Amino acid sequence: MDLNYSAADLQWRDEVRRFLDASLPADTRGRLLEGLPAGVEDIRRWQRTLYAHGWGAVAWPERFGGLGLSKVRQHLFELECATAGAPPQLPFGLKMLGPVLMQFGNPTQQQYFLPRILSGEHWWCQGYSEPGAGSDLASLKTRAVLDGEHYVVNGQKAWNTLGQHADWMFCLVRTDAAAKPQRGISFLLIDMRSPGISVRPTKLLDGTPEVNEIWFENVRVPVAQRVGEENQGWTYAKFLLEHERTSIAGVGVARRAMAHLRRVAAVHSQGGRAMIEDPLFRARVAQLDIELTALEITNLRMISQEASKTAPTPDASILKIRGSQIQQAISELLLETIGIRALPFAELPAQAPASPALPGPVHAAGLTANYLNLRKLSIFGGSNEIQKNIIAHMLLDS
Amino acid sequence: MDLNYSAADLQWRDEVRRFLDASLPADTRGRLLEGLPAGVEDIRRWQRTLYAHGWGAVAWPERFGGLGLSKVRQHLFELECATAGAPPQLPFGLKMLGPVLMQFGNPTQQQYFLPRILSGEHWWCQGYSEPGAGSDLASLKTRAVLDGEHYVVNGQKAWNTLGQHADWMFCLVRTDAAAKPQRGISFLLIDMRSPGISVRPTKLLDGTPEVNEIWFENVRVPVAQRVGEENQGWTYAKFLLEHERTSIAGVGVARRAMAHLRRVAAVHSQGGRAMIEDPLFRARVAQLDIELTALEITNLRMISQEASKTAPTPDASILKIRGSQIQQAISELLLETIGIRALPFAELPAQAPASPALPGPVHAAGLTANYLNLRKLSIFGGSNEIQKNIIAHMLLDS
Amino acid sequence: MDFSFSDEQGMLMDAARRLVTDQYGRDGARQRAATADGYSRATWSEFARLGLLALNVPEEHGGLDAGPIGTLAVCFVLGEALVVEPFLSSAVLATLAIARLGSPEQRLQWLPRLAAGEAIAVLAHEEGDGGPVATAVRTVAVADGGEWVLDGCKSVVYHAPAADLLLVTARIDAPTGAQTALFAVPPDAAGVALQPYVTVDGQRAADISLHQLRLPSSARMGAEVGADLQAVLDQGLAALCAETLGALERLMRMTLDYTRERVQFGVPIARFQALQHRMAEMATHLEFARSMTYLAASQCVAGEPAGRAAALSAAKVIVGQAARFVGQQAVQLHGGMGVADEYGVSHYFKRLLAAECRFGATAWHLTRYAGTL
Amino acid sequence: MDFSFSDEQGMLMDAARRLVTDQYGRDGARQRAATADGYSRATWSEFARLGLLALNVPEEHGGLDAGPIGTLAVCFVLGEALVVEPFLSSAVLATLAIARLGSPEQRLQWLPRLAAGEAIAVLAHEEGDGGPVATAVRTVAVADGGEWVLDGCKSVVYHAPAADLLLVTARIDAPTGAQTALFAVPPDAAGVALQPYVTVDGQRAADISLHQLRLPSSARMGAEVGADLQAVLDQGLAALCAETLGALERLMRMTLDYTRERVQFGVPIARFQALQHRMAEMATHLEFARSMTYLAASQCVAGEPAGRAAALSAAKVIVGQAARFVGQQAVQLHGGMGVADEYGVSHYFKRLLAAECRFGATAWHLTRYAGTL
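Protein sequences, first through last, are from chains A, B, C and D. Using this note's numbering, you'd call the opening residue of the first sequence number 1 and step up by one each time. Using this note's numbering, you'd call the opening residue of the second sequence number 1001 and step up by one each time. Using this note's numbering, you'd call the opening residue of the third sequence number 2001 and step up by one each time. Using this note's numbering, you'd call the opening residue of the fourth sequence number 3001 and step up by one each time.
No lab work stands behind these hints, which were simulated from the structure alone. Incorrect hints may have been included.
Okay, the calculated bits of chain A under chain D, using three or more residues with CB under 8 Å as the criterion [as the list claims (entries may be wrong)]:
{"no.": "1", "stretch": "3-10"}
{"no.": "2", "stretch": "296-305"}
Partial pick of chain C residues on the chain D-facing surface, computed with a CB cut under 8 Å [said to hold, decoys possible]:
{"no.": "3", "residue": "2272"}
{"no.": "4", "residue": "2273"}
{"no.": "5", "residue": "2274"}
{"no.": "6", "residue": "2277"}
Note that the structure is predicted; figures quoted are calculated from it, not measured. We put the beta carbon where it would ideally sit given N, CA and C, even for glycine.
Starting from the given sequences, assemble the full structure and let the hints guide the process.
Next comes the structure, spelled out in structure tokens:
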């Protein structure tokens, strides 16, 4: 047992830091370190920058253009990027579809799609949830009927994240209505410019149009864009959900938020005293900082031991719950730091580096929006209630 | 709306205070104000004292020897007694069986038993829970078979509080095994000296023998000791459970504990500073003190509005949950006040006014036992989980 | 000990409920938030017509003088519908301030107009330093040749953009120590600058800066105003608690309804015990908040100042924690519907969030209460 | 980055597990608690026979020098069974103190005897003022004609009643400032008085008062011992975390088993979602406690002092909060069985409670950590 990074790991970290120093745009960095979310263009530009450096997908195997990094070095990469103020890499292509294509896609699919994920040319989105099937994916209703060399897709997807910018969607559709709920589902890749698709962005609590409702009306999808076998989509979806969870804890983003909290609490005064000097407030910051350390060690422990697992574990669910709770709690403390200055509110502009135009201290401008936005963390991607169900079943059935 | 006590209520409170000043034994008072539990003899003696003053059962109607007090004055009486350091009056006869006998007992039963409850001559206990039927009373198995003028009772009761001192037990028994679970139950009064009863006291976490297992082996109970109709016992039990809950919040006891917490925290130092001067600790005391105020107002509001209720409410369950949580939380803070001095441990002597013989400050002696003992509050009398079920059903089915 | 409303208070609630039903419908708060003013002048006239703006006007000026309990009754109903008209700002805080502290001329000038809905006044006191304390003022008033000169800043003054009159607190350094004073200030006076904005709960507020603002000596209201101003602030806090209680109760009801209707895994999600227990906890928070809201109003009727301060802080802590818990859990139990801005939960969540921050946040009141132990 | 145990550490765990299986059975802790000594000398000999008492003895003295990770591995297993023999007191704390600070003679005199189980030593340091800090000593040592004279009190010294040697810390006021010094003290020396008692977790401890205790100069161990003593205390805290983790894991398992077996309302109570979610939360606390226990031991291997102090405080906070939550919920989910002293849960609950209080309570460590922010 040795909880220190190896010298080689630390070398990698230093390399990442040098790269970030040199290549992360100052406007993006400034915006993210102030607690504001990355804009769409920040995300696109950063993926292009990483790709140009050969780091478009550090976790992918080398034969698909990745670095084949160990899990620990993946963690270091994400941690360093996040704490430096880099935008997130979109998970839909890189972490979700990519591994599915590598495992189940045919060579044509792999050769066409994987490089375009890597370069950022294709923005992918996920078509899983539906209005009546949020947590309960197996009850999805969007139908695809075979018509010669095409599937004809009809139905509706909901809570689709950032799909209004997407070029492609990977999508679960029902291809056999007679089968049991989890059978009869297929996994299709759909060009978002196909006729018959309409997209309606929905604002979240903070006013950002981050999720969409998407309707399919007789959308024709070539059979060649089905991944794997017909009616086996549930298998691929499960595989994907497992891969989605590698960096589910969000340690890097939480570390960035914690640093931000400490900066704001040192600057903002209430009653003539910087908030960080208030013993109660300071203790709450300390509690969260400790929990974040426990989350990070737990994350490292779980990914280190992943290779030696013999049975499924509730690890990912534990990380998802605590990760979301900690991020939400940091956002709450940030809000409390500024007291009454949490009240003035404006929706965030979409692009770096602008803050919302509000009177009062600049550091207060995005904090309310941030708090509101992060309420989603305990709901999307499998609510914390669903995660607890998973944990309990694993504990009790083992 | 007026949340102040009326002048007449305050007069009553002053009368109670004068009585307590004059009549509450100093040894009992000292012991209870130090956070130690009342001994069996404290309880017996106090009931005799109250009875002699005509206050054996202030809540009972005057025709049965009570004062017919309003709910608000009952609250004041219990509050004043508890905060002054008076022992509890045992609820089994006064609050549970008494009202059942007044409502459903025949005149013979009323005339024999009620005065003996009032005087303290009869110590009653409750025979509800069984090893396989704790929260789930309807599944009880103790059988009573009619044999001439007697029922013959066989079975086992569990988690019986203080029955080792009892003269009588009111008891739920199954008289019709073929009926549905809640039918076929009868309500018997059993003389604890009947042949065939054996009692085994069980120690709780703090070492006090507070609950018992009780076995019945061919115990003969005269039919005249059945309350009400055969197989209608569930009706009486439900009536009883509702009456049990009048002072379920435990405001008085919690107020006494809070006063004790503030005394100990002002006296006990850690790191050269009285605990109450530690801002974090003080804030936790403040939070609890506030919650206790909210509990008291809620209790008063709910009992004030009881008369005008048209439908069942979750009031009692809300009071039980929050009352037990607050008492437990006070006991936790008391424990934390004394730091490492919580470690020395001895079981409490049964009689007033002695504290356990331990080195270290006297105020620390009973705190660990108190914390351990009070874990029962969220379990006995319908666990907090059961209470939440009740609340949810009332909310959702209304 | 009486927890019921009088017949008169019941009639006030009925009036408020009628107004809300007629004027607000299902989406009134959201519609108003999208307008330039952020509230409806037509609705404001309706408030006046129903007599609700005279609630805190003394009887001698033709008002109802309904007191803190009457105010509670009305604010509770307004909170249920998330009413955004400046009731709390003008008809509670400012009206009370003028009634208590105004000169006979000022009372005659303003109270009838406020009661008739012809003018809106706001109290500009808070400067961002924490709690609703009359003496916490850094804005300075200096006497200069028969005039007063004010310099300072006021933070997040709700409904200031709509106001015809600002009641501004300032500190006067007198030989006997600093005093709080109150001034009647026209919003368009030279030296007054408003920075208006939308608040998180969709209302309108402004920061107000006062720079060499010159006022005639008649602008000063009352002399040493500390105790009266504190009583006004206390009633404002009690009214905010009542509004918040209304919002809490409606949100609880919405959550119960939603979980009964929403089907997942083949059953209404209200059947899931974990969610049932969560709702039981929400209901418990709600009942505590109700009790403490009643206590707060009751203390404003009869409490002596020190006990009143402790009780109000206790109430704000309980109501604030209820707002946090019930708000967050309502969002969580609504799932995607909870975080989508277009559904109703969002609006309630944000109003509850604003209530947490206004009149001193939960932590501030907890610390003040701890100081009284 | 490696979270696995080495083969050697695995063998230590196996040895400990063998000992526990052979010696403890189902009820070993409870049986021992009921005896006069509070532990079993036979078991102690078995510890020695298996080499476990040499765990922290340097190799030059024939020991295993297994370090903090080896100690973690063993203490985890001992915690699972609630072992009450003085392993942490004597084989970790006192053995490390002598190995680090004893003179060659003291090491030769004591280490072989401690490893052989022929003697028990305890470190008497804590004085009731909070945390495990080397410099927090009020007991005074004064030089007097070639001897030392000690006066002071030590609080809640675990296993002191069984000790053949007390290692007592005291403060010496030197011209360069106060120093912490360590003294080897025979428990039967004149001026030493023990007040023995049972602790809440059924172990044995004593308060120790030192009154004009005269010691030869050779009794002093080392010179300025602060840094080494701190390292020993830190290892003790890490070992306590490991013990606690073992107890937590076993209690979690017991709770899962119980809820699968206990039937209410016709089904095993493990089917109730509210209880399932509670157990999921318990498991989450457990996993955090595991991570931080590993971090604590790892920091004792390699951390620099300031970072080590912060990490240890963080670990104690997480482990202490896990002990509180898992302990209380295990009792709650066991219902009546949870609060009845004769069932197994009771013993685990009390051991976890004791762990919360020892080596600085949760609040103390949280405050210390907050000071490092």
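Hints, verified against the model:
For the stretch 3-10 of chain A, the stated coverage by chain D is satisfied: 5 residues place a CB nearer than 8 Å to a CB of that chain, which reaches the threshold of 3. Counting residues of the stretch 296-305 of chain A whose beta-carbon sits less than 8 Å from any beta-carbon of chain D gives 6, enough to reach three: the coverage restraint holds. Proximity of residue 2272 of chain C to chain D holds as hinted, the smallest CB-CB distance being about 6 Å (cut-off 8 Å). With a cut of 8 Å, the hint placing residue 2273 of chain C at the interface with chain D holds, because the nearest CB-to-CB distance is about 4 Å.
This hint holds: residue 2274 of chain C has a C-beta 4 Å from the nearest C-beta of chain D, less than the 8 Å allowed. Annotation: residue 2277 of chain C was flagged as interfacial toward chain D, and the flag holds, the nearest CB pair being 5 Å apart, inside 8 Å.
Going down the numbered hints, you'll see the structure goes against none, and every one checks out.
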